[in-house]
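Q: Assemble the whole structure, with the sequences as input and the hints as a guide.
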Amino acid sequence: MSEQNNLEGRADGDRREFLKTGAAITGAALAPGVLLYGVAHSRAPEQPASAEVRWGMLIDTAKCGDGCSDCVTACNTENGLSGKTGPQDTQYIRKLDIKDLRNGRVHSLPMLCQHCEHPPCVDVCPTGASMKRADGIVLVDRHICIGCRYCMMACPYKARSFAHEPITDQNPEVPRGKGCVESCTFCVQRVDREELPACVEACEANGHQAMLFGDLMDPQSAISQALKSQPSTEVRADLGLNTGVRYQGI
Amino acid sequence: MARLGHWLRLAVFLGMAAVLATPSQEAAAGVNLPKLEKGKGDACVEDTETMRRHHMSMLKHQRDKTMRHGIRTTKHSLKGCVECHAGSKTGSVASTKEDFCMACHAYAGVKLDCWDCHATKPAPKTPGPVGKAPRPDASPLLAATVNGASQ
Amino acid sequence: MANDTCFNQQTCKPGLFWTLLGLGGIVVLGMLYAFFTLEHHGHVLTGMDNQIVWGLPHVFAVFLIVAASGVLNVASIGSVFGKQIYKARAPLSGMLALAMLAGGLAVLVLDLGRPDRLIVAMTYYNFKSIFAWNMIFYNGFFAIVGLYLITLMDRKLKAYSKPIGFIAFLWRLGLTTATGSIFGFLVARAGYNSAMMAPMFIIMSFAYGLAVFLVVQTAMYKWNNLSLDERILSRMKNLLGVFIAASLYFTVVFHLTNLYFAKQWEFERFILLEGGVYTALFWLGQIVIGGLVPLALLYSPGARQSIGTVMVAALLVIIGGIAQMYVTIVGGQAFPLDLFPGYAESSSFHDGVVHAYAPTIYEFLLGFGGIGVAFVLTVAAVRAFKFLPQDDFKTLEAEEA
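Protein chains in written order, with my numbering: chain A, 1 to 250; chain B, 1001 to 1151; chain C, 2001 to 2401.
Quick caveat, the hints were computed from the structure, so don't treat them as lab data. Given the structure is predicted, the values throughout are model-derived calculations rather than measurements. No residue lacks a Cβ here, since even glycine has one placed at the ideal position from N, Cα and C. Fair warning: there could be bad hints in the mix.
[Stated by the list, open to error] DSS-like, lysine-lysine: derived pairs with alpha carbons at most 27 Å apart:
#1 B/K1065 / C/K2013
#2 C/K2263 / A/K99
#3 A/K132 / B/K1079
#4 A/K63 / A/K228
#5 B/K1089 / B/K1075
#6 B/K1097 / B/K1035
#7 B/K1097 / A/K132
#8 B/K1040 / A/K132
#9 A/K132 / B/K1089
#10 C/K2222 / C/K2013
#11 A/K132 / A/K99
#12 B/K1121 / B/K1075
#13 B/K1089 / B/K1079
#14 B/K1060 / B/K1097
#15 B/K1097 / B/K1111
#16 B/K1060 / B/K1079
#17 B/K1111 / B/K1089
#18 C/K2386 / C/K2128
#19 B/K1035 / B/K1065
#20 B/K1097 / B/K1125
#21 C/K2128 / A/K132
#22 B/K1060 / C/K2156
#23 B/K1089 / B/K1065
#24 A/K84 / B/K1089
[To be verified] To give a feel for the contact side, a few chain B residues facing chain A, derived at Cβ under 7 Å:
#25 I1071
#26 T1073
#27 C1084
#28 A1123
A: Structure, rendered in structure tokens:
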């Protein structure tokens, strides 16, 4: 089968083999075209992130548990955050409770970096440390961040934190240190090895399944299908930033 | 007169150069070369001479490729350095002056700020949230395919 | 000893010079102490946090930078518009501009999270960022105004002072436009996001700069037991009055536009009515102390003879200016971002609540340190070069006739 050849051509280590076996098995039960599209995502370590992909997230507030903060806990563990919630502590993701002032309807939802297509933080950064990767993930390059905090002034979603204290014992995959600005990375280290962001994984594990992560450019992806079939909201849509994170049920 | 002034200036310059040069010679003679612990595995990713001269530019090159473009080859990655060169006593490359990075950098008096942000120790080998093997359905691409097809 | 070369004094007062330099030096040392402490422990020691990301240091820094470009206006009126009394004051004006910009930038740089990477800030430019443009304007300001000063003070180069003065004038307009736009371009925040910011900052810079100039000039005349000519005082005080009135006008228009945009109502209610310390600083600090009282003083019957009255008015303008910066910078951030208009918001990350800000000693040390840097540079410059205005009363009379 041509799919099989394709898969073998990209073989790279046990984990990938494992994934591909899984893919091949799944593929046997599906139309071949669907699988091929999926494989096109997979990226060898030496390949750069591609503009053919745009990572996005769809959050269904109806499924999001009121009082559940598993996504926050998972994020803190993955990124080595303290989990403290003082005014100077870093939070990549937070549970936001909102109440409609007209009818009193309440929603609970996770708020994180919205990974805008036109991110204000990237526009305002004097050194170019705030950046958007080709696949739409907005990151801070701590190597050239000078800690001016202008991006925090510019972000409409209050998604960024400043590391106020020296940090030790980081997760080797998530470097972070004093004096730089930081925010949600969609767990880029996990996405690059084709895993889900920690928050999404946690939300799936506890059965809420309120967070859907995937490629917005792929019309076949679950997130694209869901966005196509149901209405969704972009936070501060008036700013025209075309966010990568969308909400349902508000 | 002008000639005399010229010679005087030259003499002062040479004298100052001599004064400035003396302490560094003493330092070179008086301080032992750093002793480096041998890294894990058979050989480094490049030969020793290349590593000594060019490790910083390799790291910088790799840093921009990984950070900006998501290229995650492991040959020149800082994480790879740490995995092989973490000291047997401290388990770290930079927590004491005997550890691999600091031994040379302290000797040469070159400050480095890698460790302001990067972990100086390799990831723990125990199956934790970091080293965990991925589930096949954990891949967004696969989840997408499965869900997409089921609709 | 060089005690006999006091260019700006009729009788040398080395004791006074060293006292002033020492006092300024202590303030600068305090700033350095704060810098090294923060460099070691991080910004956790300050009152700034993830809500109020720019605090008191930025209030002083932006005030100094805005006033620095404003103080150059005195030279511009001389060189560009050819007014004799301002020409005589051009060197002092240029020097003060450089000293104040240096002070303001020192605060900004020492407050960075990674001040050790200043070289990065100077070598990596994102040209889409108004902040990066500011850095270019600041560096260019030093170069252009430095050159301008040389042409003003070297007889052989005097002829060049007019064209370079003109470039300096345009450059400073660009600089203040860029500084105002740092805030004006923040689309997400109700308190900023306004095209009014840039022109308002320019008008305010005229007032703050001239006020600072009057204070320094008065001190220098006092030092030499000289008295400023009544005609000159009268002209300068009237100019300050015009600038204050213009600043008030721009403030009114700025808030009126915000009131007209329904989206900004909540923010306006916060600043103008319910904002506590920000409301008090706005009305009492910016409007009354920084605007109405100095206006009344400047146009009071005895003002044209009384250097004291003008001096008090100028000091009040400076205090009002710092209050204005506090309201603009800290007040603008204290008001929470509205992620979901029409909804009440709450979270662990302080969403939906007015953010409290209590600066610590380190922020005060940094902020005052900026003034200290400007002060020390001014004292040293006044000692080393001839900056006391040399009025030529014949041409002045000819101009008036």
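Q: Give a verdict on every hint.
A: Consistency of the hints with the structure:
1. B/K1065 / C/K2013: 62 Å, violated
2. C/K2263 / A/K99: Holds - the C-alpha atoms of A/K99 and C/K2263 are around 19 Å apart, at most 27 Å.
3. A/K132 / B/K1079: 23 Å, holds
4. A/K63 / A/K228: It holds: about 19 Å lies between the C-alpha atoms, which stays within 27 Å.
5. B/K1089 / B/K1075: 25 Å, holds
6. B/K1097 / B/K1035: 10 Å, holds
7. B/K1097 / A/K132: Violated, because 38 Å separates the two Cα atoms, which is more than 27 Å.
8. B/K1040 / A/K132: Measuring from Cα to Cα gives roughly 36 Å; hence the hint is violated.
9. A/K132 / B/K1089: Roughly 40 Å between the alpha carbons, so the hint for A/K132 and B/K1089 is violated.
10. C/K2222 / C/K2013: Status holds; Cα separation ~13 Å.
11. A/K132 / A/K99: 32 Å, violated
12. B/K1121 / B/K1075: 18 Å, holds
13. B/K1089 / B/K1079: 19 Å, holds
14. B/K1060 / B/K1097: Holds, at roughly 23 Å.
15. B/K1097 / B/K1111: Since the Cα atoms of B/K1097 and B/K1111 sit roughly 12 Å apart, the hinted pair holds (cutoff 27 Å).
16. B/K1060 / B/K1079: Holds. B/K1060 to B/K1079 sits at ~13 Å (cutoff 27 Å).
17. B/K1111 / B/K1089: Roughly 23 Å between the alpha carbons, so the hint for B/K1111 and B/K1089 holds.
18. C/K2386 / C/K2128: Not satisfied, since the Cα-Cα distance of roughly 42 Å exceeds 27 Å.
19. B/K1035 / B/K1065: Answer violated: B/K1035 to B/K1065 is near 32 Å, above 27 Å.
20. B/K1097 / B/K1125: 25 Å, holds
21. C/K2128 / A/K132: Holds. C/K2128 to A/K132 sits at ~14 Å (cutoff 27 Å).
22. B/K1060 / C/K2156: The hint is violated at about 51 Å.
23. B/K1089 / B/K1065: 32 Å, violated
24. A/K84 / B/K1089: 32 Å, violated
25. I1071: 5 Å, holds
26. T1073: Check passed: Cβ of B/T1073 comes within 5 Å of chain A, closer than 7 Å.
27. C1084: 13 Å, violated
28. A1123: 5 Å, holds
Checked against the numbered hints above, the structure violates hints 1, 7, 8, 9, 11, 18, 19, 22, 23, 24, 27; every other hint is satisfied.
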